[in-house]
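J.: Protein chains in written order, with this note's numbering: chain A, 1 to 276; chain B, 277 to 591; chain C, 592 to 1115; chain D, 1116 to 1629.
Any given hint could turn out to be false.
Stated by the list, open to error - Some but not every residue of chain D turned toward chain B, in silico, with C-beta under 7 angstroms:
1. 1349
2. 1506
3. 1534
Claimed, not checked - Cβ pair distances, simulated, as ranges:
4. 196/A / 665/C: 43 to 53 angstroms
5. 347/B / 1548/D: 49 to 59 angstroms
6. 9/A / 731/C: 49 to 59 angstroms
7. 452/B / 1310/D: 16 to 26 angstroms
8. 347/B / 38/A: 51 to 61 angstroms
9. 1310/D / 347/B: 23 to 33 angstroms
10. 192/A / 744/C: 32 to 42 angstroms
11. 740/C / 4/A: 45 to 55 angstroms
12. 282/B / 1040/C: 33 to 43 angstroms
13. 401/B / 593/C: 37 to 47 angstroms
14. 731/C / 180/A: 51 to 61 angstroms
Stated by the list, open to error - Example chain D residues on the side facing chain B (calculated, C-beta under 10 angstroms, incomplete):
15. 1154
16. 1238
17. 1242
18. 1356
None of these hints come from the bench; they were simulated from the model.
This one's a predicted model, so the numbers in the text were calculated from it and none came from an experiment.
Glycine included, every Cβ here is placed at the ideal spot set by N, Cα and C.
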Amino acid sequence: MIETFRRLGRTPQGVLGLLLLLIVGLACLLGPMVAPFDPEMIDFMGRYAAPSTRHWLGGDQLGRDVLSRLLWGARTTVPLALLATLGGTIVGAVIGTASAFWGGRVDEAIMRTVDAVMAIPGLLLALLIVGTVGAGSLNAALAVAIAFVPSMARITRSVALSVRRLDYVGAALARGEGAGWIVLAEMLPNVVAPIVVETTIRVAFAVMLFATLSFLGLGAQPPAADWGLMAAEARRTLHQAPWTMIGPAGAIALTAIGFNLLGDGLRDALNPRDER
Amino acid sequence: MSLRWLLRRLGLVLYTMLVVSVIVFGITQVLPADAATTLLGENATAEALAAVRTRLGLDQPAAVQYWHWLSGVVTGDFGTSMRTGQPVGPVLMLALGRSLLVAACALLLVVVLAVPLGVVAALRRGGAIDLGAGLLSYVGVSLPEFVTGTLLLMLLADWLGWLPATGYVALTDDPADAVRHLVLPVLTVSLVLMAHISRMVRSETVDVLHSDYIRAARLKGLPPGRIVVGHVLRNAMLPVVTVLALDVGYLLGGIIVVEEIFAIPGIGRAVITAITSRDLPMLQAAALIMAATYAVANLLADMALSVLDPRIRYD
Amino acid sequence: MTPLLAVEDYTLGYRVAGAVRPVLKRLSLAVAPGEVLGLVGESGSGKSSLAAAIMRALPRNAREEGGRIALEGQDLRGLPERALRPIRGRRIGMVFQDPSAALNPTLTIGRQVREVLRLHRGLNPAAAQAEALDILGHVGLRDPAAILRRYPHQVSGGEKQRVLIATAFATRPELLILDEPTTALDVITGARILELFATLLRETGAGALYISHDLALVAHVSDRIAVLRSGRLVEQGAARQIFVAPQHAYTRELADAVPRPERRLTQSTPGPALLELDGIGVTYGRKRLFGPAPAPTVREVSFSVREGEILGVVGESGSGKSTLARALTGLVPHADRLRLRGAVVGRMGRDYRRAVQVVFQHPDASLNPRHTVGSQIARPLRLFGGDVREVPRLLEQVRLPADYARRYPHQLSGGEKQRVAIARAFAARPALVICDEITAPLDVSVQATVIELLLELHRLHGTAYLFITHDLNLVRQIAHRIAVMQAGRLMDLQSDTAIAAGEGAPYTRALIDASPRLDLGDRP
Amino acid sequence: MTLHRRTLLAATAGLAALPHLARAADPVRGGTLRISVDQAASVLNPLLTRVIPEYLVTGMLYSGLTLLAPDMTAKPDLAQSWSHDDALTTWTFVLRPGLTFHDGSACTARDVVATFKAILDPKTASPARTNVGPIDRVEAVDDQTVRFVLKGPFADLPVALAYTNAKIIPAAIAEGDLKQLSQKAIGTGPFKLVSFEPDRRIIVERNPAYYDKARPYLDRVEVLVYPDPTAEASALLSGDTDLISLASASEFGRLANVSGVVPLRIPSGQFLNVNMGCDVKPFSDMRVRQALALTVDREAMVGFVAQGYGTPGNDSPMNSAYHFFAEQPQRKPDLAAAKKLLAEAGYPNGLDLTMIASDVPGTRTQMAVAMREMAKPAGFRINVQTMPHATYLDQVWKKGSFYVGFYNMQATADAIFSLLYTSDSAWNETRWNNKEFDALIAEGRMTGDDAKRQEAYAKAQKLIHDEVPSVIPVFFDLLAARRAYVEGFLLNPRAAVFAFDQVWLGAGAPKRPA
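With these hints in hand, go ahead and build the complete structure from the sequences.
T.: See below:
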């Protein structure tokens, strides 16, 4: 763990990613405390306010301070993306590992079905799920999580299969260990590393998928200060106040870039290759 | 690649479509409201609702509805749209054609731009092109399409006036204009893919460059150009083919957004409209077509792979 | 006379994490025209780095810190890439350890052979094809035309290595560098490749640098031998001389570690039958609809292991010997016809699991990287009712310090990991330990200590071993009886005395003949 | 029997009211007009259309007996004249001579009768059923004359018959399979259907057999669907389209500043409201409703929700765009008074409410969010819940007790009141059920005397303003934009009515292949 962090610190992507995510994390923790305004306070005179010393990132169509909304919004946007990705990852990882462990026909059946579900574009699946359970941040998180399950199951399975073939699993089987011990204690800890990399990169996708769902009216709902929703709202008034787009789009991009960089850094740190 | 393999894979495509249809149908059953509600809108009285539901067959048990739909599909009849009353099949074929045009152009762009970019970045590791491509790829995968699309639209259409903003022009109507209208949506939808693929190509190329057989080729005294063209490219492309096919799934999702922004009446718009209007036959068929496109793309990729990579033999 | 190749005072290091790790230290050696210099060293001695340095194919982080590498007096260092191209492949040929990795998997063999011929001999396509047919025929490939049409994965490893050797010689190089060219091959195939190689060298009069970890092998092919240890040249001299009368302690140590069948290490006498196999068969995969049933990997193998017996199982790769090990540990389904101490084994229960333990080939893979050494050794103790406090004792038994219990596998060397795996197997107090190629990935000197350890444990506990290996020399030193497998069948089962007396099936004899032996005469 | 006969009016009536649109030249024939609409025109059957793009399309393909002029009066369409008895219960309409459907068959009184029979049949589920007045039966007097016998007196029948869904279709279809009309159009309108691709493009061409030989001027009209308002505006700016039938407020500003583009804007009775279930707590207490009304800064709301393109509402569904509008004192925000009323109603510590807003149009949510903030200081703690329109229709519409509604202007006071606020209204969302109000509306409908009607409707407006069954904070102006060369296009405050037979292409219009 510490070793991994040390190695991560040596990759430029890892350092940059950690730095970006540190900023995002600080926004999540301290955002509401440092936000200059109430994120929901409407201000007739401040509608479409251009960036100024008072409103650093300008005001939106209801005169709300964009910076304050961004800072508050970090709390819902980022943890929800994390939550959705983690949820999808865990379910996918369990399915994938179990499928790899059982093997044979069970594996075949599970994987064919997973393949079939993967054939539904993630966004479409999310749209259908949100349509069913209703729009909203939590439901969107559920939808994103479900949309992530099949591909995570696939990835985990392929990793787990290679772990399954390793001799320490054979040794455990040979000494008569139970399936539970083997899956949980022998296989899972070794499946985790590549999954962590994949998950990290996926958080970036989750942030974007959330934003897209909000754009289609199915993600976070007004008056939430969700970044994706803010970007979607800003888009509608783009020609009156282009600057309202800068804040949320920038926040989304930085977060996504941060997770992408961290994921790449982790990949290098967990899988040290020769110096290239 | 044996016939048996092909049949088996086609069987899997069918299985995929069956699973997709069951999932989509299942979800539509629990969706709040139905086509009758959305058709009648504020004018829905109890008797009007009942009349419309009878007309659309929505008053029958779910299993019966599904069976009717399925037996129709088997005979090539996808039913009629609950919203417009038009036959679903021909309407969706038109829509699919437009979407595939966008998708194909996007894939082409990816192959023409992202692949060479990735190769050059790998060959000149640490150089300006490598850093530029790296930066581009991070930005490319970090902004949702509706943002990049809007920004491109503002820049290239509204401010610079180089391109028409939105809309769809059929190739048959005015080919030149049609192409001009395609640029923005294709660019938008391919950005993420370009970022993804160029990164992938770069890392695959790097891997191949470090492989023993490339080292061996170099130690046999082969000139670098010959090594890259004759040995590296083909092997670096192999995994890319698979990933490209998997990305078709992502592309289909991206198309939903892009068609919304650029007013392209394709399959993505059909899906959105079908969901909001609870147009079950349309939704079912559109989802099915998307799934089939994905499944067939992957089948084609596997077939291409077996041609490109002699180690792969399907039986 | 100018040596063909002269390495003078050459120092090389790799830059890792900011510091330069030295690899070769002030190395000097020379190859005369037509001479074969054997370069021997254990892993990490820097012998492959030297090959890379000669070929000017060093990795990016390599730092050359002085010295000279000269081909016929011309220093190769500092030559631009363009000037190296006519040297590589033409004046210096190279043959790699793994023929599969040295060929581009997606191009036909023909294309890859013709490519070299056209480049270095200036042949046109038709002439290149004719020449390719000719040289492949010359290295004893039966149907050269067919081979040329095939892709690398469609021909065997031996055939691939023949192709590579033929290609390397086809450009009439002055110097050949051979980096463990037979290690990836089976014993018999390896022996034939060596013969071929010797013939070609004789015919062309080229000089060669032969790199290997296998002393016996190097002694066979080389005129002179240089011994490398941690980047330093320990000793060099005439091939026979260097082992018969080693000047340096390390050389002596190396020579002693080489298994010699005539030096028996086991004196015990086996007891009654412990584990009886009655027609064991293993088939991988399952029958698919419309498909033919897959062929069995192990068929109808019957023999028994006696209490306290060391039973060697030898065979080439793919002979089914490892599958047999997996079957006996219940890792692959098989026709259950086993008797343990006379009792029929149905489902492998706790008693069987306890009595039969296994140690795998790769210590990296057989220890779970996420668990400490201590917890992995403790696991069988927990399972089979041992005392967890025994862990230090078990570690001590395999000659590891007790504080290793807290370490993770990646903090251990290969030999140490294998000791942990052995300790884990003995934690269950087994009656039989299946050793599946456990010495194959280890250096000779490490291998010798592991064997010594195993034998000591054998003396101490009277444990029986099913010792699976491809190294006939090794197994002849320790086994009471030797089973020979080929293509999934048991071909032969002989006592060590019978083998030593020259008895056994023809295949067994062929194996023995192909195993290179270090003949040290009467040296004690 | 008094005969109220109206003469044919000049087709360009109303132009005088908007002098800047005064015509520069005489209409020119020919050309293709490209109109953009903001959503698909899914339904082609004129009896079943429901959204503005559908009205726009069927308005070109079909005609009704009367048509609604921008001043909200009925003008002759298929009927060239009409008369009624003194009791206002029997109305006679005379059709123009020689009317034909697009398929060449004659359009006669029989078709009119069959059409109305279909409209009034609940199985047809036509929105017109509750909007064309209290029709008891329709009879063909002769080929050219139709008699409407009403269940009670109804002064607004000619305007009611101009209802967007009251389009005449052939009797054979009306009596037979109405489904046919989902794919083809057989009407008497100025244009004939060429192709129908609901989500992309609908093309119509000039009907040479149109009853007015001079019109339409255009050879061809293409209706293009742009679901994204930004895209729609960009398309007009780049010249891909010639006319935005209804522009969104957020894009209007940029449309107004480009040369070659003419912004169009008229006040309308289109409004957003917050409906409150007057039959359930806490809204059954009038003081709660009044308190909420007192929190709303309507001027600000016009800015927030309509981007300034609108007028403040005063909690009555009528504004100056309607006949019989009676101005009430404008309700101003008064948080102290609101708090007091709330305390009197038994909520001194404020009130927790959930306001539901559907996602179509987006202004619903915007208003809900703005209202939430405005009402907060008075003690209303409102949780805004948004939902997809389909779910809203299914679960909230007419069932909920606190949600955002959105309505187009209706042609008459009677139409809007008896659509939304009377006890027997079709969409009685508020369940206000005020007998006094019902009586006033009935009075207004039963007399032809404008003075009496003015008085009754004024009282009704005061009543609804005072009792606040729904808060109506804002009226929207209708916005549109055209390229400068598009001539003769007029916005109709009703929003659902267009007159493309009046439009022609002037100088500078691009030549487009037909």
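J.: Evaluate each hint against the coordinates.
T.: Checked hints:
1. A distance limit of 7 angstroms between C-beta atoms decides the matter here; for residue 1349/D the minimum to chain B is near 3 angstroms, and the interface restraint holds.
2. For residue 1506/D, the interface hint holds, since its Cβ comes within 7 angstroms of a Cβ in chain B; the closest pair sits about 4 angstroms apart.
3. Because the beta carbon of residue 1534/D sits about 9 angstroms from the nearest beta carbon in chain B, more than 7 angstroms, this interface hint is broken.
4. In this structure, residue 196/A and residue 665/C meet the distance hint of 43 to 53 angstroms, their C-beta atoms being roughly 52 angstroms apart.
5. About 50 angstroms separates the C-beta atoms of residue 347/B and residue 1548/D, a value consistent with the hinted range of 49 to 59 angstroms.
6. Checked against the hint of 49 to 59 angstroms, the C-beta distance between residue 9/A and residue 731/C comes to roughly 56 angstroms, which is consistent with it.
7. Separated by about 22 angstroms at the C-beta atoms, residue 452/B and residue 1310/D satisfy the suggested range of 16 to 26 angstroms.
8. Look at residue 347/B against residue 38/A: about 59 angstroms separates their beta carbons, and that is inside 51 to 61 angstroms.
9. Take residue 1310/D and residue 347/B: their Cβ atoms lie about 31 angstroms apart, and the range 23 to 33 angstroms holds.
10. Range check, residue 192/A to residue 744/C: about 33 angstroms between beta-carbon atoms, so the 32 to 42 angstroms window is met.
11. Checked against the given bound of 45 to 55 angstroms, the beta carbons of residue 740/C and residue 4/A, roughly 49 angstroms apart, stay inside it.
12. A hinted range of 33 to 43 angstroms for the beta carbons of residue 282/B and residue 1040/C is inconsistent with their spacing of about 56 angstroms.
13. In this structure the supplied range 37 to 47 angstroms holds for residue 401/B paired with residue 593/C, their Cβ-Cβ distance being about 39 angstroms.
14. For the pair residue 731/C and residue 180/A, the supplied restraint of 51 to 61 angstroms holds, since their beta-carbon distance comes to about 55 angstroms.
15. Taking 10 angstroms as the C-beta cut-off, the interface hint given for residue 1154/D holds, the closest approach to chain B being about 9 angstroms.
16. The closest approach between the C-beta of residue 1238/D and any C-beta of chain B is roughly 5 angstroms, which is under the 10 angstroms cut-off, so the hint is satisfied.
17. Interface hint at residue 1242/D: satisfied, since its Cβ lies 4 angstroms from the closest Cβ of chain B, which is below the 10 angstroms cut-off.
18. Look at residue 1356/D: its Cβ gets to within about 8 angstroms of chain B, closer than 10 angstroms, so that hint holds up.
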